[in-house]
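**Q** Residue numbering for the sequence shown is 4 to 363, as defined by our numbering.
Incorrect hints may have been included.
Said to hold, decoys possible - As a list, the in silico BS3-like pairs of lysine-lysine whose alpha-carbon atoms are at most 25 Å apart: (1) Lys133 x Lys54; (2) Lys106 x Lys83; (3) Lys240 x Lys220; (4) Lys54 x Lys91; (5) Lys179 x Lys83; (6) Lys201 x Lys220.
Hints are computed from structural coordinates only; laboratory data are not their basis.
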Amino acid sequence: MLKRKFFYWLTISNFLYIIVLLILAGVTIATLTGENGILTRASEAAESTEKANVIEQAQTDILGIQAEKKDGNITKGELKTVLDTYFKTVPDDYTTETVLTTKDEYGNHEIAVSEIYNGNLGETQEVISKTESYVGYYADINGDKTADGIIYADLAVGGSGQWPADDEWGNYEIPKVESGLKEYSLSETMQNGPFGPKYVISPEGSGTDRFYVMALKDIGDGATYCWYDAAYEDGGKLDNPVDYSVSDFGQGKTNTADVLAKWKAGEWGTQNDNGTYQDMWGEIEDEINAGWFVPSKSEWAAFGGELGIATNYTEYGLSDCYWSSSQYDTGTAYDAYFSDRYFNYDGVSNYNYVRLSTTF
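Whole structure, please, built from the sequences with the hints as guidance.
**A** This is the structure:
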């Protein structure tokens, strides 16, 4: 009997011992794997460290790029190159709010661009090349970050040609300037204008103007003007003819200043003598004082040739025929016909459209 009691007590003890072990095991498992368990916290800490390492590596790459540049900036394109290293897909139109997914080798984390870089991506700019042509880009003349004109000649690279290709009257030679040109920056933001979506270039600092720029609109919203009506009288009074085969690229500004002075002084006759159409000089005096000018014959040719203007001229908001500032003989001046793609000359009492150019 005593033996059976002892065995019974031993069985109960073993059972209780097993219960205690199970309880302890449950506590231990919960401690290790529960929501706040040791293993869970360790895993979260590892993931947090891995994510922080990705951010730190990307920021180190960014600092390396900024350290190599004079202004210490980084462009949107340069930043995208860094992000492409660590993230699966970086869209071209990303912003600081865009959330990216790291590549598998970096742990598959979700990270916002702002956690890595929180600069102003819309206004980051890069200094442009001094050997690449930027013909066809928009120009920000007045610094308000909007397009004021289209670049049609780049003095850093020069060039020559004819427009149209079979018209020797349209010869042009763009000089190449080796040194002293201004620095320029390229906006990362495209603007849509009459020449399509283009990037915008802005000048930085001082130096020689690098670009020739054509305005995006005609003077007077489609009005036409005489060249200088009274100067046509008595066989003509103009005194600076240009041979049709000669390139007078770069003379537009000088031509414009010279004729404006003579027009204001009435040197070639009464101002606005036509009775129907105004002389163009009085209409553009404010623009001339601000640095704009009537393009020369060869500057118009360079505009057409370098930008490839053809029968699609109306798509660019161009009219059919424009005055140049170049004189053909004592009573006529050259004009650029975009409707038929050729150069001609008209009596200065006739009327044409006017569009201005500038350098910057």
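**Q** So, against the hints stated earlier in the document, which numbers end up violated here?
**A** When the structure is compared with the hints, numbers 1, 3 and 5 turn out to be violated.
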